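Residue numbers for the sequence shown follow our numbering, so the first one is 27 and each next one is one higher.
Hints are supplied without guarantee of correctness; some may be wrong.
Claimed, not checked - Cross-link-like lysine-lysine pairs, in silico, DSBU-like; alpha carbons within 30 angstroms at most:
#1 Lys259 to Lys173
#2 Lys110 to Lys47
#3 Lys36 to Lys105
#4 Lys259 to Lys149
#5 Lys149 to Lys173
#6 Lys173 to Lys54
#7 Lys109 to Lys36
#8 Lys151 to Lys36
#9 Lys180 to Lys36
#10 Lys149 to Lys105
#11 Lys47 to Lys109
#12 Lys149 to Lys250
#13 Lys54 to Lys105
#14 Lys43 to Lys54
#15 Lys109 to Lys43
#16 Lys54 to Lys36
#17 Lys250 to Lys105
#18 Lys110 to Lys149
#19 Lys151 to Lys54
#20 Lys149 to Lys180
#21 Lys149 to Lys54
FYI, nobody ran anything at the bench for these hints, they're computed from the structure. Quick caveat: nothing in here was measured; it's all calculated off a predicted structure.
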Amino acid sequence: MKPAMMGPIKENMNNAKSELKLISPTEKHWLCGGNRSITMAATLLQQGKVIAVPTDTIYGLAALASDIFAIEQLYEIKKRDEKKPLAICLGNVNDVPHWAVTDHLPHRLLEDLLPGPYTIILKRKSCLNPALNPDTDSVGIRVPNSKFMLNVAKIVGPIALTSANVSNEPSSVHPDEFSALWPELSGIFYEISKSRQKLSDRIGSTVVDLSQPGYYKIVRHGIKFQIISGTLKNAGLKMITSERREPECESRDILKNCEI
């Protein structure tokens, strides 16, 4: 966050905190239309809450990646196996090297891919909350092409992110589809510009493992997987093939079900 923006953001955050104290807990539906919704989402995350958010793919459940109690709550709401890791959402592609190892990647490759509908798997750095995905040395990173999500992440830092549905149920393209989860969520944020999508649009990000120098592996064929495949080949990376194509992540076996 640029220093010049810190003043207005701080004021908006204070306003959001005050408003949340005044409104009923049932008043938790917001349109993603400006600074108010951004600071509301950021404030709720900083308070350790779990919220539902739109992304550039499907709807997601979000919690602060640095808050272990919020992460535990996210797993409980989703009824997710705790051995299945969560992706993190960052506010800027330039933030990726702070949280993951990128020295081996071709120059400006990440900038060519992100923001976009991709989850990039890289070796994690020690500064990432060790309680987040403790059973793997890698992390799936999203920098979505969503102004709302990017701005929220710029304020709060890494956001733990997964799809907005109970595990093993279809992903959601509209909040009405996960209304059963509303009582357990502290905020539901609606994308103004998106109408209800078709069943064929229930597809998450393309998941790519870039943790091995000189190689890439498509571990889930999601949105725009042909485009990212071409970009990676043009960057000189060689593809690691797999005997099977799964709708779930299979990189390093432990990084499965990176749904969003």
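Any of the earlier hints contradicted here, and which numbers? Failing hints, ascending: 2, 3, 7, 11, 15, 19, 21.
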